[in-house]
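Asks: What follows is each chain in one-letter form.
2 protein chains.
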Amino acid sequence: MNKLCIAAIQQQCFADKEQSLAITEAEIEKCAKSGAQLVVLQELHATHYFCQSEDVNAFDLAEPIPGPTTDRISRIAKEFGIVIVGSIFEKRATGLYHNTAVVFETDGSLAGCYRKMHIPDDPGFYEKFYFTPGDADLDDPLQGFRPIKTSLGSLGVLVCWDQWYPEAARLMALAGADLLIYPTAIGWDPNDTGDEQARQLEAWVTVQRGHAVANNIPVIAPNRVGFEPDQTHHTDGIQFWGNSFVCGPQGEILAKAPSNKASNLIVDIDMARTENIRRIWPHFRDRRVDAYKNLTKRYL
Amino acid sequence: MNKLCIAAIQQQCFADKEQSLAITEAEIEKCAKSGAQLVVLQELHATHYFCQSEDVNAFDLAEPIPGPTTDRISRIAKEFGIVIVGSIFEKRATGLYHNTAVVFETDGSLAGCYRKMHIPDDPGFYEKFYFTPGDADLDDPLQGFRPIKTSLGSLGVLVCWDQWYPEAARLMALAGADLLIYPTAIGWDPNDTGDEQARQLEAWVTVQRGHAVANNIPVIAPNRVGFEPDQTHHTDGIQFWGNSFVCGPQGEILAKAPSNKASNLIVDIDMARTENIRRIWPHFRDRRVDAYKNLTKRYL
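One line per chain: the protein sequences are D and G, in this order. The numbering used here applies: residue 1 is where the first sequence begins, and numbers increase by one. The numbering used here applies: residue 1 is where the second sequence begins, and numbers increase by one.
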């Protein structure tokens, strides 16, 4: 067994960054002391989910890289000698912002960033107002769907809405990702029926487990938890549904968090299983690359 | 509700075509009399799964289109006024064979064919010996991943090993498929542990439900059932695992067959749900077609 001990932190977040990050830091410490080598945080974990409304003042929450929040994550990574995947509201320039995952090495250095490529926009999730999609200059190896190389392996870091796109998972796998990682902030509209809420949650888990199966690699998906009101009172807020999970390369669930409270998932992943599974299910051998050209079309 | 009544037939098959097809015909009649408008048969349903060994004599089982088996399916479709998706071992020319799905209209006419594009080859599943992969001339609208138009809608017919490839499902959806349909012949190696068998079955269901979720369309997957010995005695045979299922556009299971016996799934699918789901989860709106070019590469 080629063991990698990972942790996924599911927490409630608050408008006050200090309040959110103090919780995060305390939980990272617990995970590190339990043996976690890689800790994955949820999407935009430093603040409340400000995208429930379109508010120009929310841009005050954005930070450059490096900036105070990444400095703090960097320090924690170095202190515990672990790799951390964080998620920040990035100010790239005045009027240019991204939803960006950041990966810090065991020595506190920045291993790489991933700027969310697929940006949602639904009632209560007005992300297109805030975030420019990540760039896709395919000649630039730092853009688009590129895994981030770390001392623990090549991390296929994507963010939330990306998880509905098999293309993103496949491109990360083709580029050598050892793991798929999805920091997430997804939840229920409190007005939906219980049946609809159950279908949405199950769909969210299923599509990501499907990426694990199709690419024969594990998936780590930490999600936000807790209720956050819509501060403009246009909607009834979002009940973030938790259910953070980790699955193996056959999509098998290795750990799952509850829907209603903070939780740390600490899991030993056997990284040798990908080699074994890719021998019995050699999906990469048989891809019809000669017939996939239309995947770059909008519609046929 | 825009209701489509579909049936998926899960059956045991036999070396003798007459024996297999007599069962199929009787079950189709039952489904049609129960209201099914579309009946989907499993992969290579006219015979035993001859790909357990590489045997030149097995080519005797192949038939042209039209041929005796397609004539029979055509007659049944016309008799009951239903659309039928069948699956045959196609002899296209001397020394040129395909694993081909055939779709017959309510008047018995051939609506279209799909030649399996991804061909597996594993111990006990020696399909590369028998089947040339389907062609992929993208200038030919009848080749590659193209839905088959019928009076009941546009059918995204794929076959078995295709089900592990999100690319195939996506291309069918981009080309307007209303449903994904996977005639299948998959089973367990009797020597695998119960845990491994459970993971394999769950992975098979999950990846296909994932295609439903990613593309917001229902999936119909009829699978073979029953034990078939390896007639060359090189392996311990295959326990085809049944578990045929139908799911909706959120991947929600609508019906599921048992693992150990023949079964007809007869399901009312609400085709209006795709419209509704694509409004709340507009995956097609946000595809990054500018960043998907490398999907046509073998590896990066």
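FYI, nobody ran anything at the bench for these hints, they're computed from the structure. Incorrect hints may have been included.
In this list, chains with the same sequence are indistinguishable; a pair is considered to hold if it fits within one copy or across any two.
As the list claims (entries may be wrong) - Straight-line alpha carbon distances no greater than 30 Å define the calculated DSBU-like cross-link-like pairs of lysine-lysine that follow:
1) Lys149 with Lys261
2) Lys149 with Lys293
3) Lys293 with Lys261
4) Lys128 with Lys30
5) Lys293 with Lys256
6) Lys91 with Lys293
7) Lys78 with Lys33
8) Lys78 with Lys128
Asks: So, for every hint listed, does it hold in this structure?
Replies: Now for the hints, and whether the structure bears them out:
1. With identical chains, the CA atoms of Lys149 and Lys261 are never at most 30 Å apart, being 32 Å at best within one copy and 48 Å at best between copies.
2. Taking the closest pair of Cα atoms, Lys149 and Lys293 come within 30 Å of each other both inside a single copy (28 Å) and across two copies (22 Å).
3. When the C-alpha separation of Lys293 and Lys261 is checked against a cutoff of 30 Å, the pair qualifies neither within a copy, at 44 Å, nor between copies, at 41 Å.
4. Taking CA atoms no more than 30 Å apart as the test, Lys128 paired with Lys30 passes in neither setting, with 35 Å inside one copy and 52 Å between copies.
5. In this homomeric assembly, Lys293 and Lys256 never come within 30 Å of each other (Cα to Cα): the closest approach is 37 Å inside a single copy and 34 Å across copies.
6. Proximity of Lys91 and Lys293 under a CA criterion of 30 Å is satisfied inter-copy only: 28 Å between copies versus 35 Å inside one chain copy.
7. Only within a single protomer do Lys78 and Lys33 lie at most 30 Å apart by alpha-carbon distance; the minimum there is 14 Å, versus 69 Å between protomers.
8. In the homo-oligomer, the alpha carbons of Lys78 and Lys128 never lie at most 30 Å apart, since the shortest distance is 34 Å inside one protomer and 51 Å across protomers.
Of the numbered hints stated above, those contradicted by the structure are hints 1, 3, 4, 5, 8, listed in ascending order.
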